[in-house]
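Engineer: Single-letter residue listing:
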Amino acid sequence: MSNEKTEVWITGIGLVSSLGEGPETHRAQLTSGKVPLPVVDTEDQAPYLVHPIVDIDVGTQIPKRSDQRQMGPWQHLGVYAAGLALDDAGISHNPELLAATNMIVAAGGGERDLEVDTVIMEKIDGVENPGPILNASLNSELRPTLFLAQLSNLMAGNISIVHGVTDSSRTFMGEEAAGISAIETATAQIEHGQGEIFLVGGAYIAERADMSMLMEFGHTLWQDDFASIWSRKDTDGGMIMGSAGAFLILESRKHAEARGVKPYARINAVVSDRSSRQAGAAGTVANNLFEKISDRIPEGPLPVLSSCCGVQPQLTEEYDFLNGLAEHGIEPAIRGVTTVLGNTLEAQFPLSVILASLAISGGTFFDPFDDSGVEKEFSGDPEQVLISTWAHWRGECLALVDKPDVTLRGGD
Amino acid sequence: MSHFSKDHKGRPVVVVTGIGIVTSLGEGKEDNWQNLTTGLSGVRKISRFPTEGLRTQIAGTITWEQEGRYCAPMHSINLAKKSAAEAIEQSGIGSRGSFPGPLFVANSPAETNWDQRMVVYGGQAGADSTGYDRLLKNVRAGDFSRYYSLFQFASIADHLADAFGTRGQPISLTTACASGATSVQLGVEAIRRGDTDAALCIGTDGEICEEMVVRFNLLSALSTQNDDPQGASKPFSKTRDGFVMAEGSATLVLESYDGAKARGAKILGVVRGAGERADTFHRTRSTPDGSAIIDTINRSMADAGMSPAEIDCINAHGTSTPENDKMEYLALSAALGSDLDNTPISSNKSMIGHTLSAAGTIEAAISLLTIQAGVIPPTINCNEQDPNILMDVVPNEKRIQTVNSVMSNSFGFGGQNVCLIFSAEPA
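So the protein lines, in turn, are chains A and B.
Just so we're aligned, residue 1022 is where the first sequence starts under my numbering, counting upward by one.
Just so we're aligned, residue -14 is where the second sequence starts under my numbering, counting upward by one.
Keep in mind the hints are simulated off the structure, nothing from the lab.
The structure presented is a predicted model; accordingly, all values stated were derived computationally and were not measured.
Possibly wrong hints are sitting among the right ones.
[Unchecked claim] In silico DSS-like links for lysine-lysine, alpha-carbon gap of 30 Å or less: (1) B:Lys223 - A:Lys1275; (2) B:Lys122 - A:Lys1144; (3) A:Lys1026 - B:Lys246; (4) A:Lys1144 - B:Lys30; (5) B:Lys383 - B:Lys311; (6) B:Lys311 - A:Lys1313; (7) B:Lys223 - B:Lys(-6); (8) A:Lys1313 - A:Lys1275; (9) B:Lys30 - B:Lys(-6); (10) A:Lys1085 - B:Lys311; (11) A:Lys1026 - B:Lys122; (12) B:Lys251 - B:Lys383; (13) B:Lys(-9) - A:Lys1026; (14) B:Lys383 - A:Lys1254; (15) B:Lys(-9) - A:Lys1275; (16) A:Lys1026 - A:Lys1275.
Please take these sequences and the hints and turn them into a complete structure.
Structural biologist: In C-alpha cells form, the structure reads like this:
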C-alpha cells in the first residue's frame, strides 16, 4: 500500500432542507445580499421552534409505491437526498459504479407511530398489571412496516434497494458525532485506498414529538421567540432543531479524473475528538484539534462555518474558541449554520461540508446570517473553509474544505 | 520486523489479543466454552415481563438481579462492560480505564422503552393532557438527565468510552444482524490504515422487551415453539420455524501484529480477511440466486488471500429461519464448490439463540476459541436435518479436529452481509 495519500474530492451533492432543495437554491439564498430569513415553524412542536423540511416529490427518487410504503418520512428524506447526490455525481443507473460505491449513513431512528403510542399509554396508564394489556395492544396496533421504517440501518438498506448501491454498507448511529465519524471514516478509507468512491450523509426530521422528547430529556430546547444562534449567547441557551437530508459523494481524485468528473471542492482534513464536557473541556479539545491542522491555514481572513448548537455552556465556549483564532493571526468570518437551518443532528456535519463546498465552488462566501455583529463580512474568493461542529452532547470536530488545483464544477 | 507483520497485500497484519464473552450460556470464556462444547441451550421461558398473549414466549435472556428495574440500553452497557473487561484483562493492554485505541460498538438502536415512557407519562405536570403533549409537559417539569444520557442513539458507546477510556470519538454502529462483524471490520480497517495499533471491538445486545418480541413476530421471524425452549433453535433442521431472540455481548481486542509482539502479548489468532456486499433485493430477504452472499464470501477469501480448500470450518450465520439456512447453504455451495463437502459448518445460535447486534462479535470470539481448542462446537437440536441442506452441520456432538482457519458469516435485514476469516497465529 502506498503511503502517499490521495486527494478526496466532493463530486456529488444531495441536499434538502428547510430552505429548499438542491445546491443552487441554497447558494442563491445564502448569497442574496441580505440576511437570509430562516423558515421557522412555531406551532408543530410548540413551545419549541423547528425549521421544517420542504415538501419533496418522493416519487422522483423512489418511483415504486411498494418501496415508498416500506418507509416513513425520515427514510423517504434520506433515500431521496442520497438519490440526488448519486444523480449529481453521475453514478445513478450505472451498475458498475453503483456496485463499487461504498456507503456510510449517519442515522438516528425512524418515526414511532405517535398515535399508536398515545392509544397504548392511555390504555395502560394506572393499570396495576399492565403487561397483558400492553402485549395485546402491541399485537393489535403495530404493523410490520412500522418496525422496518424505524430500523436505523434500513435507510442504508433502502438506498441499496432503491438506488442499487452495493459495495460496503455501514450505518453509524447517533446524533452529530455519527455524521462526523461517517465523513471522517470515508475520507480516511479513500486516502488509504480502502475504497475509491463513497456515498456519505444522513437525514433528520425535526417535526417529531418523540425526538423533541429525547432532546428535552436534557432540557436542551429553546422555548422563546426565534433568535439567531449568537443572540442566544447571553441567555441560558437552547437548541432550535432543523430538518435536512444531506448526502455527498466523496471520491479519490484519480477515480474522479478517470471518469472525467469535476469536483465542487476537496476535503483537506477532518479531525475529531470527544471531551468530557466539563467546563472548558470542549474548548481545550478544539484547540488541540486546531493545532493538528493549523499549519494548513494561512493568516488573514478565514471563512468559518459553525454548527454551534445553542446549548450552554458550549455555545459560549465555541464562540470564544472561534474568536480566539485571532491569536493565530486568523480573522474568522463566522457563519452560524444553525441560525438559518437549525441543528439537524446526524445530518449537521454533512450539511456543513456541503455548504463549505458550495462556497468554494461558487467562489463566494455567504453573507452574514444575522445582524448580531459577530459575523464579519468576507469578500473575495474563498480558498478554504473551516468547519466547526460541536455536538450537543458529546464530540467535537474541525474540518477543512478547500480548493483543489483544477477547474471546479458549478462555479459560474 | 518479522515477515509475518505484513499480509499478502502489504498491509499490517491484524491479530486478536483479548476475547470476552457473555451469553445466555454463561459469563466468560470458560463457562461459555464448556457449555458450547457440551451442547447445552441457554434458551428459556421469558421471565422479564409477562408473556401472556405473545406468540413467542421464549428467548435467551440474561437476567441479573442486582440490575433492578430493566432498562434496555443500561442492560446492553452492563453486558458490554463484562465482556470488554474480560477481553482487556486477557490482552493486558493499556492501563485500567485507559485503552490505547478507538472503540467500535455494535448495538441495537437505543430506544425509550415502555417502562420509561410510562414513568414519564405518570408525572403530574401534564395530567391535563394526553399523548406526547402530556409526556413533554412532564419532561419539561422534571429531571430526566439520566434518560438523556441513556436513550440517545449513541449512548451505549458513549458510556463504554467513559468506562474504558478509549481514544477519540467512539463509533456506534448498526448493520442489523451483521453489526457485530462490522465492528470487527472497522477495527481491522483502522489498524490496516495505520491509524492505530489497537482497537476495541464490542458487540452488545440486551434489548429483549415486549415491543421487540412483537415486532419480530409481525415479521414471522421468530420460533413459536414455546413448549420446548431448549429445542426451539434448530438451524438446518427440517422443522426449523424461526430464530430465537437472545442477549449477549462479546469483545475482541485487535492489535497490529507488530504492536502485539512489541509488548510481548499472547496472540490468540489472526483476522485474515473480511468481505462485504450489500443486497438490493428485499428488506428482509436475500436475492434468490444468493449472489450478494456469494460475493461476500468470495470477497472475504480474496481479502484473506485464501482459497476454499484453506477454510477448515465455518461458523454459520445459521439462524434457524427457513429462509436464512436455505440461502446460506446455497451461497456456501456456490462459493466453496466441492470443498464444502469436507468443511464442517456449525451454528452457535442453536445453543445461544440469536443475539442480533452482538451475534457477529460473539461468533467471531467462538471462532477464535474453536481454533485454539481444536474442537468444533455442535449444531444442536439437529434430529432431522433438512434433506435439501446437504452439508456437514456437526450435528449434536462436538467435533475434535485441528482447525487452523474459520470463516464466520453474518447476514442482516436491510441486505447487510459480512464474512470474516480468522486463522491461528502464524508459526
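Engineer: For every hint, state whether the structure bears it out.
Structural biologist: Here is what the structure says about each hint:
The straight-line distance between the Cα atoms of lysine 223 of chain B and lysine 1275 of chain A is roughly 52 Å, outside the 30 Å bound, and the hint therefore fails. Among the hinted pairs, lysine 122 of chain B with lysine 1144 of chain A is consistent with the structure: their alpha-carbon atoms are about 19 Å apart, no more than 30 Å. The straight-line distance between the Cα atoms of lysine 1026 of chain A and lysine 246 of chain B is roughly 28 Å, inside the 30 Å bound, and the hint therefore holds. Between lysine 1144 of chain A and lysine 30 of chain B the alpha-carbon distance is near 26 Å, which keeps this suggested pair within the 30 Å criterion.
Our distance criterion of 30 Å between C-alpha atoms is met by lysine 383 of chain B and lysine 311 of chain B, whose separation comes to about 23 Å. Annotation: proposed proximity of lysine 311 of chain B to lysine 1313 of chain A is violated, straight-line Cα distance about 52 Å (limit 30 Å). A threshold of 30 Å between alpha carbons decides the hint, and for lysine 223 of chain B with lysine -6 of chain B the separation of about 43 Å lies outside it, so the pair is violated. For the hint pairing lysine 1313 of chain A with lysine 1275 of chain A, the CA-to-CA distance comes to about 26 Å; that is within 30 Å, so the pair holds.
Simply put, lysine 30 of chain B and lysine -6 of chain B have alpha-carbon atoms about 49 Å apart, too far for the 30 Å limit, and the pair is violated. Between lysine 1085 of chain A and lysine 311 of chain B the alpha-carbon distance is near 28 Å, which keeps this suggested pair within the 30 Å criterion. Straight-line distance between C-alpha atoms of lysine 1026 of chain A and lysine 122 of chain B comes to about 52 Å, which puts the hinted pair past the 30 Å bound. A distance of roughly 26 Å separates the Cα atoms of lysine 251 of chain B and lysine 383 of chain B; the hinted pair therefore holds under the 30 Å criterion.
Simply put, lysine -9 of chain B and lysine 1026 of chain A have alpha-carbon atoms about 19 Å apart, close enough for the 30 Å limit, and the pair holds. For the suggested pair lysine 383 of chain B and lysine 1254 of chain A, the alpha carbons sit about 66 Å apart, so the restraint of at most 30 Å is broken. Between the alpha carbons of lysine -9 of chain B and lysine 1275 of chain A the distance comes to roughly 26 Å, so the proposed pair stays at or under 30 Å and holds. Between lysine 1026 of chain A and lysine 1275 of chain A, the direct Cα distance comes to roughly 11 Å. Compliance with the 30 Å bound is thereby established for this hinted pair.
Of the hints listed earlier, those the structure fails to meet are numbers 1, 6, 7, 9, 11, 14, in rising order.
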